Amino acid sequence: MNPFLDYLLTAIPLGMTFLFGCTGEILTEKAGHLNLGIPGIMCMGGACGCLAVKLMHGTNISPVLIVIIALLAAFAGGVLMGMIYSFLTVTLKANQNVTGLAMTTFGVGTTKFIMSGMAKNAMQYLYALRYFRFPFAEQTSSVKYCGFMVGLAIIIALVASYILTKTRVGLHLRAVGENPATADAVGINVSLYKYTATCIGSGIAALGGLFYIMDYAGSYEAYKSIEALGWLAVALVIFTLWRPHLSIIGSILFGMLYLAGSRIPTLLGIQLDISATPLLQMLPYVVTIIVLIVTSVRKKREHQPPASLGLPYFREER
Amino acid sequence: MNKSVALEINNVSKYFGSLAANKNVDLTVYRGEILAILGENGCGKTTLMNMIAGIYYPDSGTISVDGQEVVIRSPKDAFRHGIGMIHQHFKLVDIFTAAENIVLGVNDGKAYSIKEVNRRVAEIADKYGFHIDPKKKIYEMSVSEKQTVEILKVLYRGADILILDEPSAVLTPQETDKLFDVLRRMREDGKSILIITHKLHEVLSISDRVTVLRKGEHIATVDTVSTTSAALTEMMVGKKVELNIERPQPQNVCDRLEIKNLSMVDAEGVKVLDDISFTARSGEILGIAGIAGSGQKELLESIAGLCHPITGEIIYHNPKNGKTEDLRDKDPVAIRELGVRLSFVPEDRLGMGLVGNMDIVDNMMLRSYRKGHSVFVDRKKPGDLAKKIVEELEVSTPNTHTPVRRLSGGNVQKVLVGREIAASPTVLMAAYPVRGLDINSSYTIYGLLTKQKEKGVSVIFVGEDLDVLVELCDRIMVICGGRVTGILDGRNTTKEEIGLLMTKTARDAEETSTAKESADGENV
Chain A
38 MNPFLDYLLT
48 AIPLGMTFLF
58 GCTGEILTEK
68 AGHLNLGIPG
78 IMCMGGACGC
88 LAVKLMHGTN
98 ISPVLIVIIA
108 LLAAFAGGVL
118 MGMIYSFLTV
128 TLKANQNVTG
138 LAMTTFGVGT
148 TKFIMSGMAK
158 NAMQYLYALR
168 YFRFPFAEQT
178 SSVKYCGFMV
188 GLAIIIALVA
198 SYILTKTRVG
208 LHLRAVGENP
218 ATADAVGINV
228 SLYKYTATCI
238 GSGIAALGGL
248 FYIMDYAGSY
258 EAYKSIEALG
268 WLAVALVIFT
278 LWRPHLSIIG
288 SILFGMLYLA
298 GSRIPTLLGI
308 QLDISATPLL
318 QMLPYVVTII
328 VLIVTSVRKK
338 REHQPPASLG
348 LPYFREER
Chain B
71 MNKSVALEIN
81 NVSKYFGSLA
91 ANKNVDLTVY
101 RGEILAILGE
111 NGCGKTTLMN
121 MIAGIYYPDS
131 GTISVDGQEV
141 VIRSPKDAFR
151 HGIGMIHQHF
161 KLVDIFTAAE
171 NIVLGVNDGK
181 AYSIKEVNRR
191 VAEIADKYGF
201 HIDPKKKIYE
211 MSVSEKQTVE
221 ILKVLYRGAD
231 ILILDEPSAV
241 LTPQETDKLF
251 DVLRRMREDG
261 KSILIITHKL
271 HEVLSISDRV
281 TVLRKGEHIA
291 TVDTVSTTSA
301 ALTEMMVGKK
311 VELNIERPQP
321 QNVCDRLEIK
331 NLSMVDAEGV
341 KVLDDISFTA
351 RSGEILGIAG
361 IAGSGQKELL
371 ESIAGLCHPI
381 TGEIIYHNPK
391 NGKTEDLRDK
401 DPVAIRELGV
411 RLSFVPEDRL
421 GMGLVGNMDI
431 VDNMMLRSYR
441 KGHSVFVDRK
451 KPGDLAKKIV
461 EELEVSTPNT
471 HTPVRRLSGG
481 NVQKVLVGRE
491 IAASPTVLMA
501 AYPVRGLDIN
511 SSYTIYGLLT
521 KQKEKGVSVI
531 FVGEDLDVLV
541 ELCDRIMVIC
551 GGRVTGILDG
561 RNTTKEEIGL
571 LMTKTARDAE
581 ETSTAKESAD
591 GENV
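Protein chains in written order, with my numbering: chain A, 38 to 355; chain B, 71 to 594.
Bear in mind the hints are in silico, worked out from the structure with no lab data behind them.
Worth double-checking, as some hints may not be accurate.
[Unchecked claim] 35 Å max Cα-Cα, derived DSBU-like pairs, lysine-lysine:
{"id": "1", "chain 1": "B", "residue 1": "Lys207", "chain 2": "A", "residue 2": "Lys130"}
{"id": "2", "chain 1": "B", "residue 1": "Lys458", "chain 2": "B", "residue 2": "Lys390"}
{"id": "3", "chain 1": "B", "residue 1": "Lys216", "chain 2": "A", "residue 2": "Lys336"}
{"id": "4", "chain 1": "B", "residue 1": "Lys330", "chain 2": "A", "residue 2": "Lys336"}
{"id": "5", "chain 1": "B", "residue 1": "Lys458", "chain 2": "A", "residue 2": "Lys336"}
{"id": "6", "chain 1": "B", "residue 1": "Lys146", "chain 2": "A", "residue 2": "Lys130"}
{"id": "7", "chain 1": "A", "residue 1": "Lys203", "chain 2": "B", "residue 2": "Lys285"}
{"id": "8", "chain 1": "A", "residue 1": "Lys130", "chain 2": "B", "residue 2": "Lys285"}
[What the hints assert, rightly or not] Covered by chain B, per the in silico footprint, the following chain A stretches (three or more residues, Cβ under 8 Å):
{"id": "9", "stretch": "202-210"}
{"id": "10", "stretch": "214-220"}
{"id": "11", "stretch": "223-235"}
Being a predicted model, the structure only gives us computed values, none of them experimental.
All residues carry an ideal CB built from backbone N, CA and C; glycine is no exception.
Construct the complete structure from the given sequences, taking the supplied hints into account.
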């Protein structure tokens, strides 16, 4: 196959890992909460999903049901993490950065614990992976890259974009993130919006972890690299200027940049020293910094983060 | 006349901790009337209104709308009963359009369509004579446009009882007149309007009745036609207050600070100071009047060395050795050493002058720590100074080790001005020193400034209350859009004259934009 097409078709599913995390984080940030726990939440999603598959594998539950239950388990794992995060930052008004980082540490550690407990019979549940592919994937080489979750990621991003820009709920959510006192004054339930957005956002992000282990990587060991991808998802939020529909393209671009280290030399037919690969893997971060510089210089108000991002909201403060 | 009762408050109380913000307050508002709520800062006006608007919930007492007892637990409840509040600090989302802000929180069961909202907003605006573009973003709007959005927000929800919290605080006299016209039109329409203010002349000009609150208690409700400002003031403060500011003739006047052709651009390349020239003299108070954001802050900061003009001179006549020096060559520390002091920065009282989490003693030390020679800090001298300020200026604080952010606005101001005066300045610059202060504290501050003037200090006073400027200052410089539009003699001017100068260029700009708008309208 054309090496470039192959590169692109590998980058798309990898990008979807970012896209899940990014859409989730955008929803959270639009409510004014900077959730740095996304990497941990994605790990937990992977772990919970794998656990569900492992428990069901070998029983006579239908494969489709296994897939659905695995998705729900991952989503629930994310929501649970989101609940802990929201309780700390919305109700107790703890510092969002510290809480988020703690969630990441917690999520990554717990995932390691769950996954290593399963290591003995890892092969057994990995067999379930085939449920995540299209049934005809074996025959058609160009769709072998894309399980149904690729479509799911794009649909979720589009729906999120529609809700944010075109509906009343979206208007209210953006108001909460921009100026919670204003939202409160017009009778919007600020805490409810913050909780809901954070929990649903975390749930969506968690799907990314499951997708990465089960579909993209298809390997038990894959949980170890989710954390690094989670940070890229957070960077992607800045890169796409808090717009879920742009993040579809952004995530694919990030996927390509992430793979640049191994693919570009092949594409160009050159031999690169092995030590240059990590340098090329920095590309997504470099691009994010450039975007930050450009938007900061242009100072367009619409391109700035939600105004009250990271600030707890106290109603009685006068 | 037999008007129907729109809103009735019975025996309402609200406590914050052990402090009573409102104690057994009664209030009645009729349909088609404007009721002014008058009182000093901290007398519970805003708390009372917040209870009607659903921000706070009363600890005891009842609220009735149209004779029906109601429970208002949230702003949503208030809207349901037709009550809407326009807050002093605008509650608007900057990156939303006017229409988006107006429709925020409205759930009328209909499908959400921004086009339909735009149309309805324009319709309401027309009815009461507002000029507003529903599609304009808030961050592009002037203060008075933002206020219009706030009022429309309330009207859009179909409110019949409107509460306005100090609506004229941010407006020029001309804009205030426009607003009052709109309010009168609403009264004709049968709306009830509650207006919180502490400007007596406004109370007298717009309201039908006045309710006076003091220390959280209802003192009296009187008909506006049968009262005077002296009587109202007495009710407000509970004792007779001399409302005249003492203005002694300047003594030993000599030039202290000469500003020549000063210009400055901000980070976005916009000219914020445009060819400003004036002289500040010792022994007099020079007032600076202008709409907020006309360059006052930049001007004071340029003199203090905190920001850098592109052209012009700032010549300082040093009274100690008679030499003249250009302050533009000096850094802020050197300028301070010369005795040029900047106190009170308006936008952020705590941010520029004091550190909120530090106590009074440590805040004193912020100005003197360079004088220490030892590795360890010596808190004795600053401690003495803090004690002296607390005693002399009657700062009400538990002790000198209370973090400054826990003090009330007036006390914070006193600490700040006390510290600057203690260094015996030769030039004292004060921007909006009485913003948010009650009448008593304000007059203490005016007294302090006048005392400095008598000592031969050149005082530069940036103010927003034109009545005070006219009474306090020897000369008044008016700036508009970074330009000096006039320098007036404080003893022979009127606030109307100042008001006109304040909007001189702004009005020209407005005329061109209206012309443009009508041209756009034809294209559509």
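Hints versus structure:
1. B:Lys207 with A:Lys130: holds (31 Å)
2. B:Lys458 with B:Lys390: holds (27 Å)
3. B:Lys216 with A:Lys336: This hinted pair holds, its Cα atoms lying about 21 Å apart.
4. B:Lys330 with A:Lys336: Roughly 33 Å between the alpha carbons, so the hint for lysine 330 of chain B and lysine 336 of chain A holds.
5. B:Lys458 with A:Lys336: violated (47 Å)
6. B:Lys146 with A:Lys130: holds (24 Å)
7. A:Lys203 with B:Lys285: Violated. Lysine 203 of chain A to lysine 285 of chain B sits at ~48 Å, over the 35 Å cutoff.
8. A:Lys130 with B:Lys285: holds (32 Å)
9. 202-210: The restraint on the stretch 202-210 of chain A holds, since 5 of its residues have a Cβ under 8 Å from chain B and three suffice.
10. 214-220: holds (count 5)
11. 223-235: holds (count 3)
Checked against the numbered hints given earlier, the structure breaks hints 5 and 7 and satisfies all the rest.
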